[in-house]
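Engineer: The chain contents come next:
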Amino acid sequence: MKLIKFLLLGIVFGIVMAKSEAVSWFRIQEMFRFQAFHMYGIIGTAVTLGVIGVAIIKQFNIRDFHGNPILFLPKDKSVARYLIGGIIFGLGWALSGACPGPMVVNIGYGFLSMIIVFFFAIVGTYLYGVLMKKLPH
Amino acid sequence: MRELITQTWAWWFSGAMIASIMFFLLYFGQSFGFSSNLRTICAAAGLGKTNKFFDFNWKAQTWNIVFLIGSIIGGFIAAQFLSDGGPVNISNATIQDLSKMGIAAPESLQPKELFGWDAVFTVKGFLILALGGLMVGFGSRYAGGCTSGHAISGLSNLQLPSLIAVIGFFIGGLVMTYLIMPLIL
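Residue numbers (our numbering), protein chains in the order written: chain A, 1 to 137; chain B, 1 to 185.
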């Protein structure tokens, strides 16, 4: 039953993503065309509150509910993997109008053709695993 | 009152809820990153036998798979109980731009020209969905995260790699939107 809290958080996430319309292909197009503030408002609010909260956690060494320190591991220094990987991700994000979270929210919403997108996202992840040693990182 | 729920939720409320979810996950000893699930699914499918990248203790990621299942349920609840089935309330400028590519004004959350079964069962329609998914899956693992892991969690921790990744997301998104989509749609 330790997992029930993650189920509840997932449910809230799914509802918020659907009701904010962040799972909509139309909204992603509107964002990439800079024709509304909506998506920037969502991401901007989340990041602004996130920066403040993470700074507070670090400043006061706030611990998690197990009593362990909340650690933020720095990501590996590199440019190539983040830039190239990011560009490939962005191409797919604009085309399908969904990043991984919204894909499954859409499936729950009833857009079952999104199962195809999600299945191929798994295939794409596998393809990365196969090719990773040959890619610049 | 009911209208407050069925209409599009405000950006500030939605953004604050997403930040809250990130903090709850941190408090529960985990971190917010959705695309890790794609790798976990590969590992759970036994692909670790042939590829070391998928040979890890994926059961430790069960919490995130449960979060994913919750997300599906959340989408279902939103559609069944919290929506009036109205179209996405996007700007007129976007509607006009999209009509030039043959995408009609919204009737629901998604364009039927891309996600309707009539479109999906054409070669072009299928390839659009398949290639879109393939690039999202490949790119998120190559970049080490997606919108949640980099744009939300990473930027909140002021990580330069995440900023580079987010810049990449936008370069890719703009190239697709302005240069490639007008050719293929």
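Simulated from the structure, these hints should not be mistaken for laboratory data. We put the beta carbon where it would ideally sit given N, CA and C, even for glycine. There may be inaccurate statements among the hints.
Just the calculated beta-carbon pair ranges, DEER-fashion [as the list claims (entries may be wrong)]:
#, chain 1, residue 1, chain 2, residue 2, range
1, B, 182, A, 59, 22 to 32 Å
2, A, 71, B, 121, 20 to 30 Å
3, A, 135, B, 7, 22 to 32 Å
4, A, 134, B, 89, 36 to 46 Å
5, B, 29, A, 52, 19 to 29 Å
6, B, 104, A, 8, 19 to 29 Å
7, B, 183, A, 134, 43 to 53 Å
8, B, 80, A, 56, 49 to 59 Å
Engineer: Are any of the numbered hints broken by this structure? If so, which, sorted upward?
Structural biologist: 1, 2, 3, 6, 7 and 8
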